[in-house]
Amino acid sequence: LLALNLSNVIEISSESKKAKVEIYLINKLKFSSVLHKILRSKA
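This note's numbering puts the first residue of the sequence shown at 55, with every later residue one more than the last.
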């Protein structure tokens, strides 16, 4: 029972890490596109 719970916890934590990485990448893309627009408008 304990081992089963442990594997579930590990699975959940790896899923949340994936989600965090995806959110990070999405935010990075948004930021870079906004930065690009600002630089283009100044040029």
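If you're looking for bench data, these hints aren't it; they were derived computationally from the structure.
C-beta: ideal position from N, C-alpha, C; glycine also.
There could be a bad hint or two in this list.
To be verified - Label pairs and their computed distance ranges (CB to CB):
1. VAL63 x SER87: 51 to 61 Å
2. SER95 x VAL75: 29 to 39 Å
3. ALA73 x SER95: 27 to 37 Å
4. LEU83 x ASN62: 53 to 63 Å
5. LYS96 x ALA73: 31 to 41 Å
Verification of the supplied hints:
1. Taking 51 to 61 Å as the suggested C-beta distance range, the pair VAL63 and SER87 does not conform, at roughly 36 Å.
2. With their beta carbons about 31 Å apart, SER95 and VAL75 fall inside the hinted range of 29 to 39 Å.
3. Against the hinted window of 27 to 37 Å, the Cβ-Cβ separation of ALA73 and SER95 comes to about 33 Å, which satisfies the hint.
4. Between LEU83 and ASN62 the beta carbons are some 32 Å apart, a value that contradicts the proposed interval 53 to 63 Å.
5. The supplied range of 31 to 41 Å is met by LYS96 and ALA73, whose beta-carbon atoms lie about 35 Å from each other.
Figure legend: structure checked against the earlier numbered hints; hints not met, in rising order: 1, 4.
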